[in-house]
Amino acid sequence: MKIRSEQFKGNVRKQLADEALQSNLSRFGGGFADRRRDALVKVDDFEALRDRGASIRAEVLENLDYWLLKFEAEAQRRGTQVHWAETGAEANQILLNIARNAGVQRVVKSKSMVSEESGLNEVLTEAGMTVTETDLGEYILQLANEPPSHIIAPAIHKSRDEVSALFEKHHGTPRTDDIPSLCEEARGQLRPHFLAADMGVSGGNFLIAETGSVTIVTNEGNGRMVTTLPRVHVAMTGIEKVLPTLEDLSAILRLLPRSATGQDITNYVSILTGVRDEGAMDGPQENHVILVDNGRSRLLGGDLHDALRCIRCGACMNHCPVYQNIGGHAYGWVYPGPIGAILTPAFLGLEKALDLPQASTLCAACEVVCPVRIPLPDLMRVLREKELTQGLRPWHERLSIRLWRWLALHPGWYAFAARWGTRLLRGMAGSDRLLHTLPGLDGWTEGRDMPAPQGETFRDQWRKKQAAERKIIPIRLDPSPSEKKAGLKK
Amino acid sequence: MSARDRILERVRAGLKRPTPVSVARPDRSLAPMARPVSHLLNDFIARAESLQSTVAQVANLNAVPAAVAEYLQAQGLPRKSVIWPSLKALDWFSSGLTAEARPPVSEDRLGITETFCGIAETGTLLLHSGVDHFSTTSLLPETHIAILRVDRLVERMEQAFALMQSELDQLPRATNFISGPSRTADIEQTIVIGAHGPRRVHIILVG
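In order, the protein sequence lines correspond to chains E and L.
The opening residue of the first sequence carries number 1 in this note's numbering; numbering runs sequentially from there.
The opening residue of the second sequence carries number 491 in this note's numbering; numbering runs sequentially from there.
Since the hints were derived computationally from the structure, they do not count as laboratory data.
There's no promise every hint is true.
Stated by the list, open to error - Here are a few chain E residues that sit away from chain L, every Cβ distance over 10 Å (derived from the structure):
no.	residue
1	Glu122
2	Leu136
3	Gln390
4	Ala408
5	Asp432
6	Leu435
Said to hold, decoys possible - The list that follows gives simulated cross-link-like pairs (lysine to aspartate or glutamate, EDC-like), each with its CA atoms no further than 20 Å apart:
no.	chain 1	residue 1	chain 2	residue 2
7	L	Lys506	E	Glu351
8	E	Lys169	E	Glu184
9	E	Lys386	E	Glu351
10	L	Lys506	E	Glu184
11	E	Lys42	L	Glu539
12	L	Lys570	L	Asp581
13	L	Lys506	E	Glu62
14	E	Lys352	L	Asp533
15	E	Lys42	E	Asp264
16	E	Lys42	L	Asp581
All residues carry an ideal CB built from backbone N, CA and C; glycine is no exception.
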């Protein structure tokens, strides 16, 4: 997929000015988040399930090479061909070769975020094949020629009117504002594609090491069609998606749909193992899995390691106030929201996505809802720190952080600066006690005024209060050894 | 060096160790809660219905065709079906039904299957592929009727896997967990029943 994460600020400006998009995004509030909340109420101890999920994913990563090799051996034993790709481009090439060798003309796809990373559709189309996305959201976006804006609800930024307009243009059908009719129309349009396809391409929500299986989690049933009807099936997925056993899958499946859409389980969970049995009437005769690295292995053992636990539920973006205001496209690559703010710089390189880790208030809603307990705000802090130490932030930002650091280490000067700084700001404010601009920080005041500080600084108030009580407690900078021992630091 | 070797090499380097020779199989089996069958049944029915499946119950397998006819009558659906070959022996004719034991084509409107087991935790059906178990019967027709013996109800997904392991030689090509009719919420997060798969899932419990 084309990388536009470098232009984050420009993207955001465009998204915020797009009235139709803003109206579509306003509908987003509630939705998935409310449904998740309602689903959790019905579970005895969701926090225990999260612990279990987090430890399963963490343990897999500790022995990732072992489980991948186990998966490969088992899959091969069942007749599945396993391929390894270092980059998205390599994965596309492997898939193209499979398609050419099998004489494939028509490809149907169920949702695969890894194939969005690699830009697979363009490659297949350029090679003269017809590619049809079959997940309703992805199908809408294929017609609109747009990338997904959400990892589980790719067309969430589109209204029914926009969908209807697209269908009118591409199917020649009359306009409607009835959502079930639109879904029915897509069903009718896509059914012939399923039946005629030579090759089905899917993602893989999970790989099961012990059985050599690919697991696909869907609601629409397109995942089943794509993996059942065409004579060739290729699953393209990330190397981190492996789980050791079917019991692990059971545990993770208690988390994924609830966290994603608030469903207790998705309509379909398909565990696909090997090729069509001899004498069987359905199933692919050729089955392939492409294990894609594309930046993942670099994260192992490093300070972003925990991001690889992700099971792609989308809960972090569903609960992110920033995502809900700017939409998924602003993030400029495949993965939006908090997890995207980490994966995009992690996979593509920090210099390609400088603003993404900054696009957060660190409110930690994402961390609170993450089913596998990824410490998303901490990881964003790690990236922010890297940007600073690698000199990737603008000079004035680096300078102000240095200044801040120096002040924070010199309490006397801090108190002095606070006292005179507040007076200065008060003097700069008008009679409305608001600062409409701040020198050097005009980006900050572009959308809002800063209230001028009122009254005395905290330190001055504190000193007076203590004096009044005639009981001066000196402010200590470091905790005493006994406090340290008792864990009272801070 | 192949891509495979280079990827594995980076994984080892990241984890700072050679690939372990063996890693103990994590034991995350969950013991069943050993609840009486009636509880399982009630849970299963309540959850299946909450996922927009419909449920009927009959005393024995011979009563299935009449129950199917009754359902089709109520829904106003044609009395013509494709079935799994294992259901051929039932007397469909007396209930006024045509039942053909073959894989469906896209035009077939009703598919009737058996069910490997049912999972009470989520109201889910487990069907697996096989020479006589066409995966498409529960996928292409707009109505899917699943016959499920009450003594094949288990509590959780873990027990369903254990049952497969004890009864089947190996994991079948396709293991499908089905929880209600297909659906989508891709337009304005509005849930619409009947996406690419069946619009109706009717479960006939036997026993």
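Structure-based check of each hint:
1. Glu122: Per Cβ check, Glu122 of chain E is outside 10 Å of chain L; nearest 21 Å; holds.
2. Leu136: 4 Å, violated
3. Gln390: 20 Å, holds
4. Ala408: Fine: 35 Å to the nearest Cβ keeps Ala408 of chain E off the interface.
5. Asp432: 41 Å, holds
6. Leu435: The claim holds: Leu435 of chain E sits with its nearest Cβ about 40 Å from chain L, beyond 10 Å.
7. L:Lys506 to E:Glu351: 27 Å, violated
8. E:Lys169 to E:Glu184: Given that 20 Å is the threshold and the Cα spacing comes to 17 Å, the pair holds.
9. E:Lys386 to E:Glu351: Holds. Lys386 of chain E to Glu351 of chain E sits at ~11 Å (cutoff 20 Å).
10. L:Lys506 to E:Glu184: Distance ~53 Å between Lys506 of chain L and Glu184 of chain E Cα, so the pair is violated.
11. E:Lys42 to L:Glu539: 16 Å, holds
12. L:Lys570 to L:Asp581: 14 Å, holds
13. L:Lys506 to E:Glu62: Within the cut-off at roughly 10 Å; holds.
14. E:Lys352 to L:Asp533: It is violated: about 51 Å lies between the C-alpha atoms, which goes past 20 Å.
15. E:Lys42 to E:Asp264: 9 Å, holds
16. E:Lys42 to L:Asp581: 42 Å, violated
The structure shown violates the earlier hints numbered 2, 7, 10, 14, 16.
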